[in-house]
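Starting from the given sequences, assemble the full structure and let the hints guide the process.
Which chain is which? The protein sequence lines are A and B, in order. Here the numbering used here is used: position 103 in the first sequence is 103, and no number is missing along the way. Here the numbering used here is used: position 63 in the second sequence is 63, and no number is missing along the way.
These aren't lab readings, by the way, just hints derived from the structure by calculation. None of these values were measured; they are calculated from a predicted model. Don't be surprised by glycine CBs; every beta carbon is placed ideally from N, CA and C. Worth double-checking, as some hints may not be accurate.
[What the hints assert, rightly or not] Cβ-Cβ distance ranges computed for the label pairs, FRET-style:
#, chain 1, residue 1, chain 2, residue 2, range
1, B, Asp73, A, Ser71, 17 to 27 Å
2, B, Thr101, A, Asn35, 41 to 51 Å
3, A, Ser73, B, Gly15, 46 to 56 Å
4, B, Arg67, A, Ser83, 38 to 48 Å
5, A, Asn32, B, Ser120, 29 to 39 Å
6, B, Gly57, A, Gln106, 39 to 49 Å
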Amino acid sequence: DIVMTQSPDSLAVSLGERATINCKSSQSVLYNPNNKNYLAWYQQKPGQPPKLLIYWASTRESGVPDRFSGSGSGTDFTLTISSLQAEDVAVYHCQQYYSTPRTFGQGTRLEIK
Amino acid sequence: QVQLVQSGAEMKNPGASVRVSCKASGYSFSDYYMHWVRQAPGEGLEWMGWINPNRGGTRYALKFQGRATMTWDTSINTAYMELSRLTSDDTAVFYCARAGTAESWYFDLWGRGTLVTVSS
Chain A
1 DIVMTQSPDS LAVSLGERAT INCKSSQSVL YNPNNKNYLA WYQQKPGQPP
51 KLLIYWASTR ESGVPDRFSG SGSGTDFTLT ISSLQAEDVA VYHCQQYYST
101 PRTFGQGTRL EIK
Chain B
1 QVQLVQSGAE MKNPGASVRV SCKASGYSFS DYYMHWVRQA PGEGLEWMGW
51 INPNRGGTRY ALKFQGRATM TWDTSINTAY MELSRLTSDD TAVFYCARAG
101 TAESWYFDLW GRGTLVTVSS
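Written as structure tokens, this is what we have:
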């Protein structure tokens, strides 16, 4: 199984500041024939289901504000919120869909400082 | 409207079974993989398995093999997840999540979740 490890477990950032969440996979999720990283990011607010933010490691889902961006390749990935807004308070999960079983990171809780 | 509507909360005794339904609307149900994900209180997301209505296939996480059964009814665009031999550790919210038409795809649509509480 591919183990996904996020860091940090929790993060407090001031409004308007940058937030950075890291995700590391135990093996590469880059599929060389199509040069795609099979890595997604989800946002989950309290009492709600996860919501897709980023897929293929860096493609923003339709309707997601452009302050959210994803980067990385192979085994190391980053979700960046360029200017934190109050509505971004949530738990963020990374997930690999390269292989079965699908696996998620443990989640990173983002709060306002 | 593209959505997944799940069945309501359930309370079960230990040893019982539970069946959760997930009704799809606004898209062609058979064309997409459907996954099931579990989230225990205060915990992360745990993948349980997927169904492929188009090809008639299922795949389960090793942890749930023999205890989870995922089925579907294309006539009513509904997927089902049944979990047997429940214990208190199965108390969780269960989500259905749509993936793409290919096996390796992200989850772009989620149901609101079904809370299953296992307690005597």
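Query raised in the report: Of the hints stated earlier, which fail here?
Result: Hint check: 1, 2, 5, 6 fail, others pass.
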